[in-house]
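Student: Chains W and Y, in that order, are what the protein sequence lines are.
This note's numbering numbers the first residue of the first sequence as 1 and each following residue consecutively.
This note's numbering numbers the first residue of the second sequence as 559 and each following residue consecutively.
Just to be clear, a hint being listed does not mean it is correct.
Listed next, the in silico DSS-like pairs over lysine-lysine satisfying Cα-Cα at most 30 Å (straight line) [unchecked claim]:
1) Y:Lys628 x W:Lys343
2) W:Lys435 x Y:Lys628
3) W:Lys343 x W:Lys547
Coverage of chain W stretches by chain Y, computed from C-beta distances (three or more under 8 Å per stretch; other residues unrestricted) [unchecked claim]:
4) 250-258
5) 342-353
Rather than coming from a laboratory, the hints here were simulated on the basis of the structure.
For each residue, glycine too, the CB sits at the ideal point set by N, CA and C.
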Amino acid sequence: MTTASIPWMQSDVARRPLVERLHDWVTTVDHKRLGILYVVYALVLLVVAGIEAAIMRIQLMAPHNDFVSPQVFNRMFTMHGTTMIFFVAMPLVFGFANYLVPLMIGARDMAFPRLNAFSFWLTAFGGVLLHFSFLGGSGLYGAGTAPDVGWFAYAPLTAKTFSPGHSTDYWTLALLVSGFGSIGTAINILTTILCLRCPGMTLGRMPLFAWLSLTMAGLVILAVSPLSAAQMMLLVDRYLGGHFFDTQAGGSAVIWMHFFWVFGHPEVYVLVIPAFAVVSEIIPVFSRKPIFGYPVMVAATVCIGFISMSVWAHHMFTVGMSPAANGFFVLSTMAIAVPTGIKIFNWLATMWGGTIQFRTPMLFCTGFLFQFLIGGLTGVMLACAPFDWQLGGSYFLVAHFHYVIVGAILFALFGGFYYWFPKVSGRMCSETLGKLHFWLFLIGFHLTFDCMHVPGILGMPRRIYTYEPGRGWDAWNLWVTIGVVFQGLGTLVFVGNLVWSYFEGDRAGSDPWDAWTLEWSTESPPPVYNFAALPVVRSRRPLWDLKHPEDPDWKYEQ
Amino acid sequence: MAALAALLSPTAPSGASATQPLSPTSIFAPVSTPADSIFELSLFVLAVTAAIFVTVFGLLLYAVVRFRRKTNDDGTEPPQVYGSYEVELAWTIIPVLIVVALFLATARMIASTQHPAKPRNALDVVVIGHQYWWEYRYPAFDVVTANELHVPVSDAADPAPTFLTLLSADTDHSFWVPRLAGKTDLIPNHPNSMWIDPHETGLYLGQCAQYCGTQHAKMLLRVYVDSREDFDRWIEAQRRPAQADGAVARGRDVFETTACVNCHAVAGTAAGGRFGPDLTHFMSRDTIAAGAAANTPENLRLWIRNPDTLKPGSLMPAMNLSDADVNAVADYLESLR
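With the rest of the complex left out, here is chain Y (with noise of 0.2 Å):
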């Protein structure tokens, strides 16, 4: 029983720390307003499955140590009973009862959460998924980014809500952050939408829950909700262009004469692809790979150098670059701001 008041309580036991949750995806500590409204929905509907399941577990268990077949049964036939009318009417209606009672709660909570009225104030993001990464578009400020997503927290006096609309490149994808709100697909040519208050920063942690290919397992979602002023400084550096001295131009030079081009872009140069990632501000993140590694210069390297032993099946092609050139390259990359 322990164990289940601490799967059920938002927060961990004493000990940790009191807004640390037992697990940094569950859906039992919500921070936004969908992830809230379902998880009180969920102990609603657990509290009436599990007194059906104790009234008949009881029954059930009853039966099976009060009617067994004692050692002394003498092998008579016990009363041969066919069934009762009465009995199965009552066995019809209470279940229905309940069942309508579930109903008219799911269908109050539905009609709250699902597609409401976006607010004029609201902060549209574009989704767009591929396989095995998350592209990020700011309309309204002109930025593109991926893999971690900066959205502004929001609290009831000052609603700042932010709506994805999620659209899909190739494959099924499924955005899933379990704390901010239930699963959306993206599926092609099928435009959906989701939207989330959330209203604590800090990093969510999520990622693709519909099957969409070889390295559907590292399609990693990490969801920065920011305060109001770390947001304005991020989306501010994210509109400036990337600096890049003359320091990196071998690199840079590599860069733009290989393939990479084809998939990358990095605004205000050559490099407009639109396949992979844009890089544009590539050091604001803290992973490479949507979130299968950190961001760090011997990952980055790894990365270049071949991206199929950090990712096996990504669809980033190892370039075969000398060494010197896997180095240029990565020196470009980090002097991405």
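So that you can see chain W by itself, here it is in the shape it has in the complex (with noise of 0.2 Å):
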């Protein structure tokens, strides 16, 4: 195969015209292609769901505002949530799986590359529906017919007696079309890693993104088939006159929520696995250790999807459940601790004693570190069924979710853009944007996120469009509302580095982070094949025996 098939290589031979090029991406079946497609369109609907956060923080930085009026306020927190977990958070994870997996356990492609396409494009149209929306009804100043039922949805105000005309038709529509896509996707990654894997590949020697990604990919089968099931029940609740959740009459408005949450508790790790799996990637090339105590972090990963499953009623504690139920919630949930705090321990023993380099990827890791740490604390907080009785629902609950989400999952993103970008495009991202990148969002993110614990504490709740004065709560929120131009401003250097390294940044090479994984082994960018000759290995850390036959990593694995 020449460089001339393969235009999108950086070559000599003169590029074929635009419509050529799309053409190309639109059909492609190629993973690394379909994972930049996952990504990039994740990272435009990031910007537009932070948008839609901006405005929600502009009505809210004074009591008694009037920027929105009350029902687009319901809509933009609506749109904002399913926006964020489902079109951004989930394509950016299933981006990075996409890219990196087969090239990590040394595969060609994905097992089922058309179905890898398939589930792109379903998961595409769902976020194109969902937005589709703003133009419906009144348009998009008076927001469309957006939906402004909260991303959860709660029975009974879908039921076609509180929500009429279609607003939440296209929430429920497009979260099914793109919970097709993700279930697709996740067979997808979980029959890769089962069944093509490069010689010597032990399930035992995966890299620990491998392992992760498996987890995750059996978490999205568990999870979103029910939420899927639940969509349908509602469309047959709307329109063929079922009354499955339909409380007037006579159905279940509890029903809903255990079928939701069914699917929303385990979601929450569908997308931190991921990023513990780009954390356990680049802690260790950073410090220039291997991972503390691989198999314990496999069985910790493990073990968080099991108790993963059956954690979702907490998100219930004040439904009116017995105390008998409390309990249990209450037990497995803090159970969970366990598992996920042992995960910190060793990422914590991996940088100690190593020699740790703080370039852009080890930055926004370590912030993932301090920032998860926090958040998983008040986790095990309203894990407490009577904290939770007084703050679920409250801004202190807003605040531990963000922290989650923002702190450490995006943070990991982050983290994970800036190591494997010049692997993707073949340059480095620039070093001072991305560091300026780094400060200005963590100033960002903890202004706006450490100050909304407050006004939780002070009796604030969630998706309220205003409040009264006088409940202390005004000045927390201003705080709350300049932290996000802070993360407004971070976003746009770090859209900006992206676009200009690009174009501009110095030239990568296969390896520039002297890293360890096979995914390093072939050049920047990977031809469409990945590797020439299907690669054997006999460790954890493939590069590391090349780079120190005297002493390869297989003499102390058992």
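Hints are included, so try docking the two chains, each in its own frame, into the full complex.
Tutor: Here you go:
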């Protein structure tokens, strides 16, 4: 194969017309291109959902503000939540897994390349459908017929009686369609990891990233399926006169909560496990040590996956479950802190005694560690049902989960961007801009989400478009809004950095970080076939073995 | 640290009056047994998690400073350490013990607070959540009121707890008055209950804590904890028929011949609607529109003329009354004491 047939590689061959190149992207079944499509798609929607968040924060910066109407505010928080979870976070983790898993396990592509493309386009269609709702009814300024029932869409607010028109249908269909895509991708990742590993790559020698992607894929199949079932039941309620959730006709609102959270809680781990995966690859390389306690890390992850299936009703401590049921979910939720704690200690032990280089990826992973610690601890507090009776559904809770989703997951994925950008583009990201991004975002993040805990403790519930003065919330809300400005600037610097570095960055070479996993053994960017000859591995760090023939890893691994 | 101490203390630092908390809705200023127990448990949980935080944060900070690559680093790799089962075992067992301790404390508190046997002298109140207002029924006294809940004060020697049965007329809501108790949801077809025994008189604020529709934000809660005498007086007043003298006959006429009566009730008259708040003793309330505005003549007229200006998304429609009719209806309502 000549380079002329791989026109998207850096080459001297004249570039083909734009239409042809676009056509190649739209029809591609290459896991790397699909990975990039996922990530670019997610970044576009990250900006959209960020703007939605900013609109909410402008509205809440002062009591009795009337920047937007209550209905527009309700649409904003519904769209922000739905978009961030389903069309930013999920595509991001799928994009990373799509791009990296085959490279890391020494495969030439995913197990089902065409299913892979189909899954991406389903996800993409879901997001477009959701945002198309902005154009209906009262148009963009009145936020159209965008859904306004919250990303959790509790029954019976979604019943025809309380949600006439089509706003809830946009929400239902968008999530149903993208859910099919997610399940397809998960099956693909699972099959690829189980069937396409290169010679010598036993399950026990896979990079942690692959192990964690395997767990994530399993969770997606188990979690998204009940969500899809619930979406179909909701459609039956709304259009065929079903009474699953329609309380006016005797249906049950609580059943919807169970369906939703049986999906919704594992979903948190669907997102955070890939973040763990990214951190588990970056920390060893920049500390110059192997990951501490590999088998324990794998066991802890799988353990988290299993326990996460049994904690969903901690979202329902206030719906009046029996004390025994409350007790069970308190215990299972707290139990998850144990394997999670083990992981934090193992990352710490990996850094301990190393020579840590604070390049941009490592900076973001350090931020991840600090913030995930706090997010995890407030999670343990909220796991105490009585504490949750006070602060569940308040801004304290909003602060807690943003600590996990932004402070941990997004920080880890930012680290992943800077770490693998050289592999994907063949060029290094600007360190200066990367560090500027880090500090702006760090300051903005803490200003926003540290301050958010306080109004919660002072009794501010979430999802209110305005509040009364004199409750002690005003100043805190103003600080929260100021923090958003910094986060917005940080995001601009980040996107600017990606674009600038893609054209002007230094050439990366195949292994700029002196790393150890297989993706660094091929060119940057990798050719369509990934590896000219499939690699053969004997340990968890094949490139360490190559670079240190005198002291290879396989001597020490059981 | 000063800010944190101020936050944690149940009452504001010196300068403010001793009974005035930092915020009228702070969970750290409990005045009722359920809120007290949660506050105590929260302090315990906070102490445990703070200790974990300080330990791990310290280790992390130490690692970041101590093991950062020096400028004179010669590029040799540090010792390659693959793991240690002894260490892993230690940091598995210790967290397990901490979790067990936290769980036991939590379970004990759940057992003592949730669903206790109802004492015979408890006051029963049925709370019904509506889009976007609260209905309160006192079955023992045959009293129906809205948005402002009155309960008697309780004390340890002579407890007078209030049991709330929580129902919903439409979507999910949640009853949350942070200084009295944690929240409990109001879910259609799923009756819930909770109890409070406030031991200080006063006005306690809260609001709906479960997203229930467009005007979720202005579904405010006001709980008046009265002395026993004040409470008895209040309930007696509520049981009496509302006064409506002849001077307001025109307003009453407008009220009863327009759609108002489809939703609102005034005991002893033809008005029997149950969709909106019962207006029998309208002037005994400090606020209108579920706490969204003070009960002043101007606000009342604004509200009757076009509810959407005061509370956009409210389910009360503008009736397009003439100015004379708006005034007449307002005069009538103001005569209901």
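Student: It remains to establish, for every hint, whether it holds in the given structure.
Tutor: Hints, verified against the model:
no. : hint                : result
1   : Y:Lys628 x W:Lys343 : holds, 27 Å
2   : W:Lys435 x Y:Lys628 : holds, 19 Å
3   : W:Lys343 x W:Lys547 : holds, 28 Å
4   : 250-258             : holds (count 5)
5   : 342-353             : holds (count 9)
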